[in-house]
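Chemist: Sequence:
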Amino acid sequence: MRSARRPGAQRVRESVRLGTVSNDRSGSWLLRPGTGRAPEDLRGRWQPRDTVNTAQGIFIHGAGAVSPAGWGVNALRDALCKDEPLPIKELARPGWNHPLRVRTVPPPTARFPFMAHARLRRSSPITQYAIAAAVEALGDDAAKAGSGSLRLGIVLCVMTGCVNYSRRFYDETLKDPATASPLVFPETVFNAPASHLAALLGTTAINYTLVGDPGTFLQGLALAAGWIFSERVDGCLVIGAEEMDWLTADAYRLFARKIILSDGAGAIYLRRDVSNAPGVQLHSITSPELFSNSSARMLAARRTRAGLPPGNSHHLLCDSTQNLPGIDAAERAAWNDWPATRLSPKTVLGEGLAAGSAWQCVAAIDSLQQERFAAANVSVVGCNEQCIGAHFTRTRQ
Numbered sequence: 000m001r002s003a004r005r006p007g008a009q010r011v012r013e014s015v016r017l018g019t020v021s022n023d024r025s026g027s028w029l030l031r032p033g034t035g036r037a038p039e040d041l042r043g044r045w046q047p048r049d050t051v052n053t054a055q056g057i058f059i060h061g062a063g064a065v066s067p068a069g070w071g072v073n074a075l076r077d078a079l080c081k082d083e084p085l086p087i088k089e090l091a092r093p094g095w096n097h098p099l100r101v102r103t104v105p106p107p108t109a110r111f112p113f114m115a116h117a118r119l120r121r122s123s124p125i126t127q128y129a130i131a132a133a134v135e136a137l138g139d140d141a142a143k144a145g146s147g148s149l150r151l152g153i154v155l156c157v158m159t160g161c162v163n164y165s166r167r168f169y170d171e172t173l174k175d176p177a178t179a180s181p182l183v184f185p186e187t188v189f190n191a192p193a194s195h196l197a198a199l200l201g202t203t204a205i206n207y208t209l210v211g212d213p214g215t216f217l218q219g220l221a222l223a224a225g226w227i228f229s230e231r232v233d234g235c236l237v238i239g240a241e242e243m244d245w246l247t248a249d250a251y252r253l254f255a256r257k258i259i260l261s262d263g264a265g266a267i268y269l270r271r272d273v274s275n276a277p278g279v280q281l282h283s284i285t286s287p288e289l290f291s292n293s294s295a296r297m298l299a300a301r302r303t304r305a306g307l308p309p310g311n312s313h314h315l316l317c318d319s320t321q322n323l324p325g326i327d328a329a330e331r332a333a334w335n336d337w338p339a340t341r342l343s344p345k346t347v348l349g350e351g352l353a354a355g356s357a358w359q360c361v362a363a364i365d366s367l368q369q370e371r372f373a374a375a376n377v378s379v380v381g382c383n384e385q386c387i388g389a390h391f392t393r394t395r396q
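Position 57, counted from 1, in the sequence shown is what numbering that gives the first Met the number 0 calls 56; the numbers after and before it change by one each time, with no gaps.
Please keep in mind that the hints were generated in silico from the structure rather than gathered at the bench.
Treat the hints with caution; some may be incorrect.
What the hints assert, rightly or not - 20 Å max Cα-Cα, derived EDC-like pairs, lysine to aspartate or glutamate:
1. 143 with 233
2. 81 with 272
3. 257 with 139
4. 174 with 83
5. 257 with 370
6. 143 with 230
7. 88 with 249
8. 143 with 249
Unchecked claim - Restraint ranges, calculated between C-beta atoms of paired labels, are given here:
9. 89 with 335: 46 to 52 Å
10. 98 with 339: 25 to 31 Å
11. 340 with 115: 40 to 46 Å
12. 166 with 338: 42 to 48 Å
13. 254 with 339: 30 to 36 Å
14. 115 with 311: 48 to 54 Å
Model, not experiment: these values are computed from the prediction.
Glycine residues also receive a C-beta, built at the ideal position from the N, C-alpha and C atoms.
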């Protein structure tokens, strides 16, 4: 396993050089066997192009979600259909009289069978969320990974990662190094959830953890597509996950006081063959547009919009806005002329960081599987690194 600390353009160009993802001069990676060229002309506009051959495409074979709405995609769908912000909870912060305001995952209604696995005895919430979403996305294919009949890759995307045990470990160490438990330390590393998931499924295929802002989940999708096209794996799980802790909520508050942080996970299962379920194809992903200040963020959002289809009345836009004018300004300006339906999961669920962009993709895919739209754009304007987008289409059965 490898943990990469910053998901910049270099890693993305690396996957393009494999000849698995090609640039169509519009700022998008067209998911088909590529030419091996690095992306170029990232400022171009969307140009009409032939539909990707479904025999050469990347298709969605499953999706899973754990969110403040509950456990499962159905709970996520129901909450988004109601379009009402979920209740805010109070989270105590040591040394303060006033609690922090967050949205957290509710307890499951029943204990999941996978929780009996020996590797999960001391696992933190982020691992439980990631595994629950992954198992839901895999469905019956979960058994194939352990039998060796399916080479299953795993890409875990996080921003804050295993913060619960990290805070606990350093807290114990600072208070009394002699009594600090070394058993906690393995759960502090970024790739702990991906390691636990691989052990649970019994897969020994390639397994990466990507660390970055919310846009990293879409980079994870591009990386997974590269693995599939280069035949390193038969299928790949891409997971975005986060867990709640007062340390994270307080740190984020320093930069955006009105943000309501949330936790959970979202997972997408990709394969090259067409799914038997209502078909959805991952058609393209834009090049990541990096930024370092507010003006560059505006430009990055516009470039991301330019790399996605303009849309029509049958399309859906699933954006990352959350009804906060300052934070939403760049994305709203870029998409102000969108001609069709918009869906903004963060206004309902809160800021889920890597999990939040995973929820956006899961919600877009679910809307297509419900045959409500013909295609969907996902726009992610990250909090401190990048803007990036993805385009999903419904396939004909």
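Chemist: Now, for every hint given, state plainly whether the structure supports it.
Modeler: Here is how each hint holds up against the structure:
no. : hint                     : verdict
1   : 143 with 233             : 11 Å, holds
2   : 81 with 272              : 34 Å, violated
3   : 257 with 139             : 41 Å, violated
4   : 174 with 83              : 43 Å, violated
5   : 257 with 370             : 35 Å, violated
6   : 143 with 230             : 17 Å, holds
7   : 88 with 249              : 14 Å, holds
8   : 143 with 249             : 42 Å, violated
9   : 89 with 335: 46 to 52 Å  : 36 Å, violated
10  : 98 with 339: 25 to 31 Å  : 40 Å, violated
11  : 340 with 115: 40 to 46 Å : 42 Å, holds
12  : 166 with 338: 42 to 48 Å : 46 Å, holds
13  : 254 with 339: 30 to 36 Å : 32 Å, holds
14  : 115 with 311: 48 to 54 Å : 49 Å, holds
The structure is inconsistent with the numbered hints 2, 3, 4, 5, 8, 9 and 10, although it conforms to all the rest.
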